[in-house]
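Letter by letter, the chains look like this.
2 protein chains.
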Amino acid sequence: MNYPIKKKVSTIKLTSSSNRGMDLEEAINLTNEIYIQRDIAYIYKKPIPIQVVSVDYAKRSAAKITEAYYKVPSTTDYNGIYKGRYIDFEAKETILKTSFPLKNIHEHQVSHLGHIVKHGGIGFILVAFKSIGKVYLLEAKYVVEFYQRFLTKQDRRSISLTEFEEFGHLIPEGYALRLDYLKIIEQLYFSK
Amino acid sequence: MNYPIKKKVSTIKLTSSSNRGMDLEEAINLTNEIYIQRDIAYIYKKPIPIQVVSVDYAKRSAAKITEAYYKVPSTTDYNGIYKGRYIDFEAKETILKTSFPLKNIHEHQVSHLGHIVKHGGIGFILVAFKSIGKVYLLEAKYVVEFYQRFLTKQDRRSISLTEFEEFGHLIPEGYALRLDYLKIIEQLYFSK
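Protein chains in written order, with this note's numbering: chain A, 1 to 192; chain B, 1 to 192.
In isolation and in its complexed conformation, chain A is listed as follows:
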């Protein structure tokens, strides 16, 4: 399942740390809309978890939240159904050229992905290497494994690009289906 890759990939120059050329979330949302329109799948973004501290009910029309904080997420960004199977994933970007730091994923999220797999769902992460314009899908079993390595050996704080190339799958990019990640899921779970 490895894709041909250029060996010099890690030397491609990072254009800018604020490079907005590829917005991962936007690409996923557009892709999911097409999946829904074409009746391929029903996958959507979950709300961001927020801890509400105080609310002003003065206006009867709309309660105004006046103090709240972002919570550490205990689940992932996206979930839904594809051909009857439960789909669940987290999407992350990195500007680093050769690795993805594991501190970008919370322990609860890894545990969440573990639960998904245990109960027969399909879990994974999508990681965009912005500097090289590539997005990889890495199945939950590997995420759990690499995270375990991180917890036990504190010197392994990231997943290298080479590991994404070896254990992950490059997502094909297109026009309407900006990031057709279900193509990979189809190959991995439904083409037997």
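Note that these hints are calculated values from the structure, not bench results. Mixed in with the good hints, there may be bad ones.
Remember, identical chains collapse to one label, so a pair may be satisfied in a single copy or spanning two.
Stated by the list, open to error - Only pairs whose alpha carbons sit at most 35 Å apart, straight line, appear in this in silico DSBU-like list of lysine-lysine:
| no. | residue 1 | residue 2 |
| --- | --- | --- |
| 1 | LYS83 | LYS64 |
| 2 | LYS45 | LYS59 |
| 3 | LYS59 | LYS97 |
| 4 | LYS97 | LYS64 |
| 5 | LYS134 | LYS46 |
| 6 | LYS83 | LYS59 |
| 7 | LYS59 | LYS103 |
| 8 | LYS134 | LYS153 |
| 9 | LYS118 | LYS103 |
| 10 | LYS183 | LYS134 |
| 11 | LYS59 | LYS192 |
| 12 | LYS64 | LYS134 |
| 13 | LYS134 | LYS71 |
| 14 | LYS59 | LYS141 |
| 15 | LYS92 | LYS45 |
| 16 | LYS71 | LYS83 |
| 17 | LYS153 | LYS59 |
| 18 | LYS46 | LYS103 |
| 19 | LYS192 | LYS141 |
| 20 | LYS59 | LYS118 |
| 21 | LYS103 | LYS134 |
All figures in this text were calculated on a predicted structure; none of them were measured in a lab.
Since the structure of chain A is already known, use the hints to place chain B on it.
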């Protein structure tokens, strides 16, 4: 799949409109925890959708949200996996004695449940009639049907308790498994 019911059920006196004797959300959350502990299923509550308008980044430790509003939910409260199948439901309480008003469910949520079913998931609502202390499960196909009736015939603004008795399923209540709704799901989808 109908359960024996007392015919005079609708005449039971409503104790109080602020009756906290049965907190549906609490009962579901406790039940879901047991499901996870016993490796029966992995079902969890989604975050409440909130529209953030302004954030104060003055304190580096924690960004403080200073203005935000509750959004109309486009999905349901709970989802997860049971035996590999996608599970999705909304939980609602009513203090009414003989019917559940459909205005308590948003059109987007009904559409969401329709999508779930279309793609092979299991969707439903749990409705607690607090006055009689009973919780019913009603499958998504009926929710969609009754909502359609509501949209086309504006005089049918609710689902009657009699309809819950006929088309729905009474949830067994217990000590550890406060509301064992998966028992009904098991009977409906896995005992063939």
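Check LYS59 against LYS192 for me: Cα-Cα at most 35 Å, and say if that holds within a copy, between copies, both or neither.
neither (58 Å within a copy, 53 Å between copies)
Is it within a copy, between copies, both, or neither that the alpha carbon of LYS59 lies no farther than 35 Å from that of LYS97?
Between copies only: 31 Å across, 50 Å inside.
Alpha-carbon proximity context of LYS134 and LYS46, limit 35 Å
For LYS134 and LYS46, both the intra-copy (24 Å) and inter-copy (30 Å) Cα distances are at most 35 Å.
Within a copy, between copies, both or neither: where do LYS153 and LYS59 come within 35 Å Cα-Cα?
between (54 Å within a copy, 33 Å between copies)
What label fits LYS71 with LYS83 when the C-alpha limit is 35 Å: within, between, both, or neither?
both (32 Å within a copy, 30 Å between copies)
Go through the copies and call it for LYS64 and LYS134: within, between, both or neither, with a Cα cutoff of 35 Å.
between (41 Å within a copy, 34 Å between copies)
Is it within a copy, between copies, both, or neither that the alpha carbon of LYS59 lies no farther than 35 Å from that of LYS103?
between (41 Å within a copy, 21 Å between copies)
Status of LYS153 relative to LYS134 across identical chains (alpha carbons, at most 35 Å)
within (28 Å within a copy, 52 Å between copies)
With identical chains, the pair LYS183 and LYS134 could be close in the same copy or across copies; at 35 Å between alpha carbons, which is it: within, between, both, or neither?
This pair counts as within: shortest intra-copy Cα distance 16 Å, inter-copy 45 Å.
How do LYS45 and LYS59 come out at 35 Å by Cα distance, when the copy is not named: within, between, both, or neither?
both (30 Å within a copy, 29 Å between copies)
35 Å Cα cut-off: does LYS46 pair with LYS103 within a copy, between copies, both or neither?
both (21 Å within a copy, 23 Å between copies)
Intra- versus inter-copy proximity for LYS71 and LYS134 (alpha-carbon distance at most 35 Å):
Both. Shortest intra-copy (29 Å) and inter-copy (34 Å) distances satisfy the 35 Å Cα cut-off.
Consistency with the previously given hints fails for numbers 1, 6, 11, 14 and 20, ordered from lowest to highest.
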